[in-house]
Amino acid sequence: MSMKKNLNLFFIGLIVFAALCSTGCAVRYNHARVGIVNNYDKNMVYVGLFIDEQSGDASGDMIVKVAPPARRPLPVGERDYLDLVWGGGYGSVKFAFSFGFYDASEDSYNVYDCSTDYLELEEGDEKVFRIDSTDDYFVN
Amino acid sequence: MKKPFLLIILFTLALPVFGIIDTNDYYDINLVEKNGTFNFESYKRSNYSYLFGGFDTNGYTEILGRMRLNIGPPELIGFYLVSEILFSNSDKRDAGGEFEKTGNTMLFYGEAYIGFKNKWTSVKFGFQNLISSDAIYHRLLLDDYSGPIFALRWSQLLSRYVDMDFIYSFIRPHQGEWSPNLTTLYKKSELYGKSLFVKKFNFRPLPWIRIGLSDSVYFLGENFNIWFMNPFSIYFITLSLNKFYDEKFGSGLNTGASDLKIGLDFQIGFNGWRVYGEFLVDDSDAFFLMFKYPIFPNRIGAVLGGEIRGYLFTRYLKPPKVAEFFLKNLYINFEYAITSKYVYSRDHVCNYEYVREEYQKAYDPRNPISQTELDRVQRVGNFIGYMYGNNADSIDIAVGWRNDLERTKDYGAEYQTDVYYDSFKKKKFVDRLFKFQLHYRHYRLGDERNIVAPYYMNEHYYYDVDPDLDSDGDGVKDNDTSNRETEFLRVVLEEGNIFDINFYSDIFRITRFVVGIETKFNFHWRTRLPRTSVESTDFVFRWEIASVITWF
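Top to bottom, those sequences are chains V and W.
If you read the first sequence in my numbering, its first letter stands for residue 3, the second for the next number, and so on.
If you read the second sequence in my numbering, its first letter stands for residue 33, the second for the next number, and so on.
Hints listed in this document are in silico derivations from the structure and should not be mistaken for laboratory results.
Watch out, some of these pointers could steer you wrong.
Straight-line C-alpha distance at most 25 Å; calculated SDA-like pairs for lysine to any residue [said to hold, decoys possible]:
1. W/Lys-393 - V/Ser-107
2. W/Lys-441 - W/Asn-161
3. V/Lys-129 - W/Ser-568
In this text, all values refer to a predicted model and were calculated from it rather than measured experimentally.
Turn these sequences into a full structure, and let the hints steer you where they fit.
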């Protein structure tokens, strides 16, 4: 009887151990949230430019991931957010916005007209880029 | 006897009385529930009608009726006709148009085809649910989740060792002039046709081992492309002949917008056990099919699954009679499906979104579409293949019991050699049917599941800014490589758990008509940005109930 009891305890212990191990080994991801505010006087289109741990260092290897906009176009005075996720265990990543304003003469947008500088982002960061004009913005 | 007759008349008038359906985020109509072994159709109960009610904690309500007829006149041995019609009213769906007059109650079609079959050959023509392997829940090349496709399917036994299966399907008719340059069509707001032609050969070294090889092409434009009609062609060669034909006939093959896919699938098993799998290689054209060009990561998917039925064990264990009845009708199945990033995505010139409805304008990198628009295109149920699209995976596990299990065919694609061997089996039809199933699914959706924007535009921002960029500096602009490799769910942005309890029971039977009731309790947990500091989980409970009339 005690042999059976010990066996049962062994198996229960094994399951608990496996469950604990699997919880401990669970993948975690880093997350940062970036916002953009259109403080200019024209509608805007934008994309996020995201360089995460997958990118190589050489220029030919550099991966700049293009994060699609949440809204298109972004009306005057309004804001949007993007959620960025990258591998857990990796430190910071770089992020910038590329954006363009409505060009009435051509009735079009060019999202690559202007861009912000790359900002270093850490896990849990929340940053908002306020775009005041084609070459003026601030981050808080 | 009067009461049952009155009930029958009542149910018949209330046509089609219920079947359990599935819903996605967009409440698309006629999604085909993936119920596998639990499925309705079992041998002769191929006619049914049902009236269905569905309710969930998100405020979804639906009343739906469906009738399916499978008519095989005895005077025309082998010929038969399948027709399905349904009506639905859901407050989550805006039927619009003419259906505004009916208070948003819309009518819709399901399968509708004519067929001829015997043990050696089978031909089906019309709208039909098509699948590309014997898997229970998911298939990669062709999946029936979002309903029927217009197609001609011919399955032919060549010998006991080989059968062939041809599918010429029109996903969408071509509307407008044909131009190899689809930008022209986009500018004119015309919709190009979408077609999928599949040639498949199944090899059987033994009756219980099937190995299938498929060669298929998904092409855009005119649906009848004569160069792809040849059943004995090899699409890789056909595409490679383009220049030769151009010189000989003065024009190419109009195959410029063609996407080759090759597949390998198998099923092994008999007498209550089986394992199966499917492997798909998706690539934009012949040059990239050979895995030689590092500029593109490989685009692949795989499915692996199996099923065990209780009678496999009771045959040898000989338990007491009551225990035997319970155990022999018990089944368990398991399936895992995974697709890599970029499967089903578009080519760099033409548009290969492997979906039924796509973003309808030429992709403009200077004015990229929004995440909302991307999500709409890539919604679950819009893909022609795997229902979750690219960079996703899923695990399905089900345990069930049905009293006719020994007579229930494996859920599969019905290849002709299966039909041939099945014709030798004894068939008995149960008088009463009772089914019960517990099913669990865990699925994950990765990042950059973007099939509308070309993947190298996702990664090479520089390419958009400067299309003449020669990043490796070798003087050749179009051979720049990427350090991206084939990826499977490196980062997960959404995961979900679905648990459902299914139940069906016959209630009474008169002559060949059986009245039954089916119900389903569906629990769905969806976690966004899982395993991050901001993860959040939504829970939706859905209850479905249907009264069913089946007959044979």
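Hints versus structure:
| no. | hint | result |
| --- | --- | --- |
| 1 | W/Lys-393 - V/Ser-107 | holds (22 Å) |
| 2 | W/Lys-441 - W/Asn-161 | holds (17 Å) |
| 3 | V/Lys-129 - W/Ser-568 | holds (20 Å) |
Figure legend: structure checked against the earlier numbered hints; every hint is met.
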